[in-house]
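Enquirer: If you want the building blocks of each chain, they are given just below.
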Amino acid sequence: MDIEEIQKKLVSKEASCVEITKEYLKNITSLNEKLNAFITVTSEKALSEAEKIDNEIDESEDLDVLFSLKPLLGVPMAHKDLFSTKDIETTAGSNILRGYIPPYDATAVKRIKDAGTVMLGKLNCDAFAHGTTGENSDFGPALNPYDLSRPAGGSSSGSGVAVSAEMAVFATGTDTGGSIRTPASFTNVCGLKPTYGRVSRYGIIAMASSLDSIGHLTRTVKDSARVLKVTAGYDPFDSTSSKIKVPDYLESIIGVKGLKIGVPEEYMGDGIDPEVKSAVKNALKVYEKLGAEIASVSLPHTKYAIAVYYVIVPSEVSSNLARYDGIRFGNSRESFGDEAKRRIMIGTYALSAGYYDAYYLKAQKVRTLVIQDFKKAFEKIDILLGPAMPVLPPKLGENSDDPLKNYLLDVLTCPVNLAGLPALSVPAGFSKEGLPIGIQLIGDHFAEDALFRAGYTYEQETRYYEQKPQLPLKGEDPDGI
Amino acid sequence: MISKDDVLKISRLARLELNESELDKFQRHLAGILQYVEQLNEIDTDEIPPTSHAISDLKSRYQEGSTDSTLSQKEVLENAKEKSDGYIVTKGVL
Amino acid sequence: MEYEFVLGLEVHLQLNTKTKIFCWCKNDPFYAKEPNINVCPVCLGLPGALPVLNKEAVNKSQQMAAALNSEVQGKIIFERKNYFYPDLPKGYQITCPHYPIGKAGAVDLTYFYDDKSSEKNHIIRLREVHLEEDTAKSMHKNDKTYIDFNKSGVPLLEIVSEPDIRSVDDAVEFCKEIQRIARTLEVSEADMEKGNMRLEANVSVRVKGDTKLPDYRVELKNINSYGFMKKAVSYELRRQVLVLENGEKLHQETRGFNESTGETFVQRSKEEADDYRYFPEPDIPPFEFDLGETRNITTLLPELPKKMRADLQKDGLNTQYVNILLENSELRRKYKELISAGYSSSESAKCVINVSKYKGLSADKIINEEKSKSSSLLESDNDLSPIIDAVLKENPEAVEDVKKGNENAIKFLIGNVMRRTSGKADPRKTSKLIRKKLS
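Residue numbers (full-length UniProt numbering), protein chains in the order written: chain A, 1 to 481; chain B, 1 to 94; chain C, 1 to 439.
Hints listed in this document are in silico derivations from the structure and should not be mistaken for laboratory results.
Incorrect hints may have been included.
[To be verified] Taking lysine-lysine and the DSS-like style, the derived pairs with C-alpha atoms no more than 27 angstroms apart in a straight line are: (1) B/K59 with C/K81; (2) C/K144 with B/K83; (3) A/K229 with A/K110; (4) C/K144 with A/K110; (5) B/K74 with A/K86; (6) B/K25 with A/K86; (7) C/K103 with B/K59; (8) A/K375 with C/K75; (9) C/K350 with B/K83.
With these hints in hand, go ahead and build the complete structure from the sequences.
Expert: In structure tokens form, the structure reads like this:
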């Protein structure tokens with residue numbers, strides 16, 4: 001169900017919020033053991049919240065007013081475990097934070113709560129969001145509902161799985177180098193990485209502060225727009241949050257006639273899986289048919305983006321993870337997993353005396369060039385279109401012995417973060433083996449409205465989002481052991 | 001090439017206690033990644049300013065309004081492994 | 001061989017802002033009734049918390065920088081200084097040493113020395129003035145460290161001098177002058193006992209006459225009183241000279257001071273030095289000020305101690321009186337009220353400083369007391385007239401000045417009459433008579 005369907009049922013009394021919540025909790029109970037999407041399930045809190053919402057609806061004299069004040073009223077959702085939730089364990093997918101109970105809510109958590117949602121629990125992710133496949137979670141990987149021998153994609157792995165397998169209507173995520181778009185494209189859902197600063201970072205456990213973007217995964221583009229309307233906007237607790245007005249994204253969400261779509265030639269080069277490439281080409285045909293203009297553009301510094309990214313990210317990570325000393329909260333630094341240790345080591349090296357100029361400063365300068373590439377492209381076109389991921393979901397453990405190989409998978413997603421741009425990943429079909437493929441639409445700063453328009457128009461034409469993972473899940477032990 | 005001594009020095013700076021096999025592993029990984037990063041030297045960046053904030057027109061942000069986010073003493077101590085008389089306690093450092 | 005000091009100081013001042021530097025918690029570490037009560041996710045360094053800068057802290061820092069003749073900068077960029085310590089909750093301190101509040105600057109101590117003929121240079125140049133966050137307070141007992149985060153995130157202004165200080169006296173005067181300025185501007189209590197003001201000294205010595213800076217320096221940390229500083233710095237001077245005279249080399253190191261033995265001891269040698277891995281704080285965008293804004297800061301400064309001192313000296317007060325009045329704004333105010341009531345400067349200073357029964361009295365009450373006392377004084381025209389005539393005759397220039405309307409000249413003449421009558425003349429009557437005679 002999407003948000004509109006749920007709210008229709010609530011208004012028509014076809015179902016109560018408690019009934020809807022129970023349905024999602026039932027899915028969690030039957031699927032979570034196989035998929036490992038949730039780290040924490042807060043059933044009791046969810047049901048008592050749902051009951052309150054039912055009362056609120058019953059007592060309301062004007063449901064239109066109620067639903068406009070609480071635009072997500074009655075919608076069961078879940079948070080990536082990187083979002084601080086008051087009085088509910090928040091682990092960041094890591095052992096070092098096992099047992100940590102935040103005394104405060106992240107701003108996004110508060111806004112989503114105030115909009116009337118029912119929170120079902122906290123979702124699995126790569127520890128501290130360090131990962132591309134979801135396999136770096138200290139709680140084990142969340143598995144892909146389209147093939148249990150493959151990971152769901154990271155770092156917001158549980159978020160992709162939960163939405164894909166209908167364990168939540170929507171799920172929050174964070175995207176520092178592709179962490180929302182990757183699981184979205186691997187699990188056939190819609191993932192939004194908003195403009196840097198569009199959604200407050202306050203209370204969300206930091207990975208790399210100058211790149212972290214707070215977004216969400218939904219089944220449909222309209223749901224994505226609805227959630228952003230709630231989470232976006234200035235927050236006095238985040239000095240980097242934008243004061244630019246949040247538009248009404250649903251107002252003009254359809255039509256791509258005359259829209260200029262640029263395809264970066266570097267995003268369609270050698271290293272891209274042929275099936276992914278053909279999905280992108282099919283999408284371009286759809287857009288052309290719908291009246292968009294397609295042009296080829298060049299982002300020449302794309303090939304340097306990974307190198308820039310894997311200097312800046314570990315540098316900021318090394319500093320952001322310094323607060324984990326086991327004194328005020330959490331466990332001792334020995335409990336850091338391998339990937340966290342690796343990033344701390346790279347970053348500490350890159351910032352240390354004598355190396356700062358050669359690594360960190362150099363990377364920040366090339367970052368400027370990556371940004372200039374995008375700026376030039378947006379002088380001529382409205383949005384960019386390309387694959388979200390260069391490959392189909394890999395097999396579990398495929399790249400485990402070579403961290404660099406994993407890092408290289410971020411090649412098409414991380415440049416967007418370096419430039420702080422918004423991007424939307426939408427389902428674009430399936431491989432011969434039945435694995436989901438996603439395309440990403442990239443906009444200029446604060447042009448989320450253009451992305452929603454392009455995404456929604458395409459989605460309504462292709463309707464790939466209607467396909468859901470088949471039960472029993474592929475790779476599932478038929479005996480259920 | 002990054003030496004094992006370098007790796008040891010960095011681990012101390014980063015307050016990570018690494019065992020022998022971890023030191024070997026990270027020496028290998030760090031060397032690989034740093035070598036990959038070398039390609040940035042292909043680009044002449046002498047005249048290029050560095051970017052540290054993606055949204056460049058963001059400037060001069062101060063506290064606005066008054067909010068009460070101060071925690072109770074109980075909340076402050078809640079997650080600490082060891083506490084005493086209102087203080088958070090850790091092993092001695094001098 | 002004769003040696004001289006090469007001494008640089010870092011003065012840390014806690015600013016008296018209402019809230020902390022990066023959060024909305026109350027800034028009140030000294031008077032807080034219990035530990036860990038003015039603490040939020042930001043100053044406790046909880047996961048996900050973010051800093052937002054307090055404008056009051058910037059304003060007060062800029063005023064202080066301007067008052068120290070430092071160039072108030074048009075751009076501030078905060079950076080992270082990374083190091084581990086239990087009192088540093090985030091594992092880094094947010095500070096701005098490279099794009100600071102003020103660059104350069106100077107504290108001129110020359111005016112403290114009566115011996116103007118001396119060629120001694122008492123101008124201490126500043127390197128920079130920057131703003132940062134204070135750490136938590138930690139106490140050590142029984143092999144444990146107890147941490148109170150009420151102090152974590154208190155705005156801290158760091159004033160860094162060039163190694164221009166050549167004597168312990170100058171070091172103390174330098175700090176006292178900063179203390180006076182901070183109190184005049186009301187940006188900090190600057191009380192060392194309360195920890196609002198803390199010092200660090202970088203001490204080295206060289207052969208007198210050398211112009212090159214020594215290739216080492218010894219850092220003395222956590223200096224919490226002038227007495228402590230005098231002892232520690234003097235000990236270091238003797239120790240370092242001895243080492244050099246033995247033909248040995250001195251090294252970069254951090255030393256502590258043991259109050260009971262009166263000696264310094266090595267805390268950390270250069271080999272263990274930190275590598276702070278500074279980089280721009282991604283959570284805080286840069287701050288910019290236009291030229292008008294930065295200029296205004298200087299223009300709007302109140303009267304500063306240097307000018308006050310010059311005025312008091314012009315009043316003809318002795319150094320002791322000047323210093324006392326300079327330290328105490330309350331006495332200074334009373335002194336000025338007495339002057340405007342017509343009393344001479346020395347009489348006024350004496351009344352507010354020396355007369356024990358006037359302690360705690362307002363200026364008005366002091367004047368009343370003085371009046372009732374003055375009934376036994378010379379106040380008849382007959383008594384005063386000849387004395388005044390004599391004074392006028394002896395001071396023709398002052399007489400001319402009075403005719404031109406110079407009020408200071410009248411004060412000068414009254415002062416003379418007072419001196420002649422050993423303070424027995426009634427100042428108001430005297431003033432009236434002088435005006436009458438010269439009109």
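Enquirer: Does the alpha-carbon distance linking B/K25 and A/K86 stay inside the 27 angstroms limit?
Expert: violated (38 angstroms)
Enquirer: Given the hint that A/K375 pairs with C/K75, does the C-alpha gap stay at or below 27 angstroms?
Expert: holds (26 angstroms)
Enquirer: Given the hinted pair C/K350 and B/K83, is their alpha-carbon gap at most 27 angstroms?
Expert: Given pair C/K350, B/K83 is violated - Cα atoms ~56 angstroms apart, limit 27 angstroms.
Enquirer: Are the Cα positions of C/K144 and A/K110 separated by 27 angstroms at most?
Expert: Violated. C/K144 to A/K110 sits at ~38 angstroms, over the 27 angstroms cutoff.
Enquirer: Is C/K103 close enough to B/K59, meaning Cα to Cα at most 27 angstroms?
Expert: At roughly 21 angstroms apart (the allowed maximum being 27 angstroms), B/K59 and C/K103 satisfy the hint.
Enquirer: Under the criterion that the straight-line Cα-Cα distance not exceed 27 angstroms, is the pair A/K229, A/K110 satisfied?
Expert: holds (14 angstroms)
Enquirer: Between C/K144 and B/K83, is the straight-line Cα distance small enough, at 27 angstroms or below?
Expert: This hinted pair holds, its Cα atoms lying about 11 angstroms apart.
Enquirer: Between the alpha carbons of B/K74 and A/K86, is the straight-line distance 27 angstroms or under?
Expert: holds (14 angstroms)
Enquirer: Between B/K59 and C/K81, does the CA-CA distance stay at or below 27 angstroms?
Expert: Distance ~21 angstroms between B/K59 and C/K81 Cα, so the pair holds.
In this structure, the earlier hints numbered 4, 6, 9 are contradicted, and the remaining ones agree with it.
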